[in-house]
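The whole structure should be built from the sequences, with the hints applied where relevant.
Residue numbers (the working numbering), protein chains in the order written: chain A, 74 to 431; chain B, 238 to 530; chain C, 4 to 268.
These are calculated hints, taken from the structure and not from any lab test.
A couple of the hints might just be wrong.
[Unchecked claim] Here are a few chain C residues that face chain B, going by a calculated C-beta distance under 10 Å:
| no. | residue |
| --- | --- |
| 1 | Leu27 |
| 2 | Ile62 |
| 3 | Val84 |
| 4 | Val88 |
| 5 | Phe123 |
| 6 | Phe145 |
| 7 | Val163 |
| 8 | Val221 |
| 9 | Ser228 |
| 10 | Ser264 |
Even for Gly, the Cβ is constructed at its ideal location relative to N, Cα and C.
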Amino acid sequence: MTEAEGPFLRVAGLTKRYGEVIAVDDLALEVSRGEFVSLLGPSGCGKTTTLQMIAGFVEPTGGHVLIGGRDMVRVPPNKRNIGIVFQSYALFPHMTVAENVAFGLEMRKVPSAERASRVRAALEMVRLQGLEARLPRQLSGGQQQRVAIARALVVQPDLLLLDEPLSNLDAKLREELRVELRDIQRRVSITTILVTHDQSEALLLSDRVAVMNHGRLEQVATPLDCYEKPASAFVATFLGRCNLLPVARNGAGGLQLGPATLPVAPDTPASGALALALRPERISLVAEGAGILPGTVRAALFNGEQWLFRIETEAGEVQVTRANDGAPAAAQGTRVGLAWDAASARVLPVGENGAARG
Amino acid sequence: MAERALAVPRVSALPYLLSAPGLILYAVCLVAPLAMTALLSFYTFTMATGISTSMSLANYAEILADDYFHTIFARTFGMALAVTLISVLIGTPEAWILHRMNRRWRAAFLLVILGPLLIPVVVRTLGWALFLGRNGIVNRTLTELGLVTTPIEFMYTFTGMVVALTHVLCPFLVLAVWANLQRMDPATEAAALSLGASRTRAVLRVVLPQIMPGVLSGCLIVFTLAASAFATPAIIGGRRLKVAATATYDEFLNSQNWPLGAAIAVLLLVSILTIVLVWNRAVERRFAASFQG
Amino acid sequence: MTTRNGWLAILFHTLFVGFIVAPLLMVVWVAFTPEGYLALPLTRFSLRWFIAILDSDFIPAFWNSLLLGVMSATLSLALSVPAAVAVVRHRFPGRDAIAAFFLAPLMVPHLIIGVSMLRFVSVMGFGGSWITLTASHVLIIFPFAFRLALAALVGFERPVEWAAISLGADTRTVWRRVTLPIIMPGLAGGWILAFLQSFDELTMTIFMATPGTTTLPVRMYQYLSDNIDPLIASVSAALIIFSVAVMALIERLWGLDRLLSGKGR
Chain A
74 MTEAEGPFLR VAGLTKRYGE VIAVDDLALE VSRGEFVSLL GPSGCGKTTT LQMIAGFVEP
134 TGGHVLIGGR DMVRVPPNKR NIGIVFQSYA LFPHMTVAEN VAFGLEMRKV PSAERASRVR
194 AALEMVRLQG LEARLPRQLS GGQQQRVAIA RALVVQPDLL LLDEPLSNLD AKLREELRVE
254 LRDIQRRVSI TTILVTHDQS EALLLSDRVA VMNHGRLEQV ATPLDCYEKP ASAFVATFLG
314 RCNLLPVARN GAGGLQLGPA TLPVAPDTPA SGALALALRP ERISLVAEGA GILPGTVRAA
374 LFNGEQWLFR IETEAGEVQV TRANDGAPAA AQGTRVGLAW DAASARVLPV GENGAARG
Chain B
238 MAERALAVPR VSALPYLLSA PGLILYAVCL VAPLAMTALL SFYTFTMATG ISTSMSLANY
298 AEILADDYFH TIFARTFGMA LAVTLISVLI GTPEAWILHR MNRRWRAAFL LVILGPLLIP
358 VVVRTLGWAL FLGRNGIVNR TLTELGLVTT PIEFMYTFTG MVVALTHVLC PFLVLAVWAN
418 LQRMDPATEA AALSLGASRT RAVLRVVLPQ IMPGVLSGCL IVFTLAASAF ATPAIIGGRR
478 LKVAATATYD EFLNSQNWPL GAAIAVLLLV SILTIVLVWN RAVERRFAAS FQG
Chain C
4 MTTRNGWLAI LFHTLFVGFI VAPLLMVVWV AFTPEGYLAL PLTRFSLRWF IAILDSDFIP
64 AFWNSLLLGV MSATLSLALS VPAAVAVVRH RFPGRDAIAA FFLAPLMVPH LIIGVSMLRF
124 VSVMGFGGSW ITLTASHVLI IFPFAFRLAL AALVGFERPV EWAAISLGAD TRTVWRRVTL
184 PIIMPGLAGG WILAFLQSFD ELTMTIFMAT PGTTTLPVRM YQYLSDNIDP LIASVSAALI
244 IFSVAVMALI ERLWGLDRLL SGKGR
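Next up, the structure:
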């Protein structure tokens, strides 16, 4: 394939409607060659439908999917040269590990000698040498998912799609396989789209994260930017924990937060309901009278690594976390002040879609 | 970028093509024959001229007026009702007992109880004929023990038919209740007990309502099969105790009065389907009420 | 013997199992009589009447039943799998009605199907033949094959097919290499159940069978109508033993209760 200018995968105006329901709404996304992008969102946000439209299993109501400059919408899914790994592994239960991995090569009429060596190399890559003759049901969940990864990659696809690939595994295994997945992806430098509802998975693995909600993209940015500069209240609360405190422009050209007045940042939206997004770990507790917002400690919860405070203020309840340094924490009922760095706070519009999450 | 024309969900011919072979078979072997039989039931028959295609309600009038047929239909549905009742009364507790057994015994006895469903009905009925006949083991034992002097007649009796048919059909009820019990969450019974219910109350108030759908569908299966059963009533009841099925058989293959036989068959089918519909409606209403709240 | 059943329950259970098993054991027991008539209790055992089966006309009837069962089970599977694919994999107007219609023969007594087929055959002038007999058997066993095919397809995970497609397989290859091998155990269960239904069928067949197409249950019924003797007992005993063997096979491969309640595997 000749190297086209611009992005390797281009999704434009992609829309899927089921009757009155809009599953995916005018979605646009560009992914460069070798990039790892996550589609992150709650269940029902349209991320899986998007993946299936890219793969060709769901016919879009409208829009385009271009891979290497070629429009794929009319190309049948078995001719798209895309590798897919499913949440349920989707291994062929009646075939051995080697037969599973060889299947795609067989479909491509790869001669058997080459087939054998490529299967061997693929199984080596996922560290499953020696298990060639096993049936999928004789493997653990983690091993099964490695087979699925090998099976998808052995055909050297143009694009790798991962549909919640780690959700069926237990927490420890998930973390292990995450690192491995990232390594493999880097090594074969394959353009990859991961669909997940797990924010830490998306942050850990991706070059960029595309946050989806109600069929629309809320933000596409690097993991750090998504976390630090959320484009919407939804992104702020879906990625990590975040306080959303209602603020309003006051007559004096400032922002009113309870009793406190804050300066208006240049990127503050001009109209509509606003909220101040403030991460719990960016707030520090100071002495009563100091800081920006006064409050009372309602609860101090300890989990070993850190303290979680629930502070009652005139602007509503605020959650504050503090790393445990061994010192005792402010007790319930203590009056305190809340302080934060202006750079850590963002003012976001709150629409009906951006309803605050706790 | 301009949006592609909206793909209107189109109706594909494929599912119809896939169903077509089966539908054709059904049209030829079920719908057409049933229609012909319904038509046949309005024809007339005389010994001299055979079947004539003049239409009348004479066959139905004959069945509805003749005590002979009243007895046959009363016997048919009386038998079906008795078989259903006995099956429920013994099959439901048996399914419950099986459910409470440990795995190995349960698997073994499930085989023993459901296995006979694979054995031809003629064979199972023969067992009862051997058991209950004049020289059967029951009578022989009773005679030898001096309990009776003349053999008790089970063959050609209503009781004999009910007993043998219950034996044939009861496994269906056990199967239906068993399948239902397997879907039940065993913790619900434990929860009822922990809330202070007695064992009996826990079963009556918590278990029974949950397995009711299985019991009711099992009843329906047993009833419809019993009402249209042929082999067992024919062997045990013989010519003396005719039911609708054996009467139909005789009209068709012995008297050659096909129109009358067709009318009996149509009446049997209509009454069974009516009972099924009314039953389903009643069950749906009851369960809709108790599950909606 | 049981974990949680009281003695009353065990007594009830014993009586119930006795009720189910006794008549069958009875048949097997009397079949071993050496006498020319049915007599109990047996003092001596003999295989005389089992050997007598070989020269009787039950043997051709058995072959007829076997052939009929194999043909109609195979045909019913061949027709019901595409229908089940349509119902499970497609959304189309009339889908629910078609699915319900395919199960309808369960609601129509075999007696009435038999009467109707007899009428149909005589009106169309077909006469009794293998074709009409097989067609009617395919009809009555169709719902069983259909139900098991439905269960096999419903339990099938679509991503497995999608994986094969994404690896480059076309529709036919996916069916041949992936879908069919995976649903095969369920379909085989449907075949067995359909075969047994056909093999045991009496009520409908008795209206259709001609001297050339007499099946085993029909022959046994005719024989029983005339007399009850050791020969019919030995034929029945042989059938019981045959059924127990089939039952053991089914239990091993699918689980009898699951197969009978239409769940496949």
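Verification of the supplied hints:
Against a cut-off of 10 Å between C-beta atoms, the interface hint on C:Leu27 holds, since the closest Cβ of chain B lies about 5 Å away. A hinted interface residue such as C:Ile62 counts as satisfied when its beta carbon comes closer than 10 Å to some beta carbon of chain B; here the least separation is about 16 Å, so the hint is violated. The beta carbon of C:Val84 comes within 9 Å of a beta carbon in chain B, closer than 10 Å, and the hint placing it at the interface holds. Because the beta carbon of C:Val88 sits about 6 Å from the nearest beta carbon in chain B, less than 10 Å, this interface hint is met.
Evaluation of the C:Phe123 hint against chain B yields a held restraint, the C-beta minimum of about 4 Å falling below 10 Å. Checking C:Phe145 against chain B by beta carbon gives a least distance of about 7 Å; that is within 10 Å, so the hint holds. Interface hint status for C:Val163: violated, as the beta-carbon distance to the closest one in chain B is roughly 21 Å, over 10 Å. Because the beta carbon of C:Val221 sits about 9 Å from the nearest beta carbon in chain B, less than 10 Å, this interface hint is met.
The beta carbon of C:Ser228 comes within 8 Å of a beta carbon in chain B, closer than 10 Å, and the hint placing it at the interface holds. With a least beta-carbon distance of about 4 Å to chain B, the hint placing C:Ser264 at the interface is held under the 10 Å criterion.
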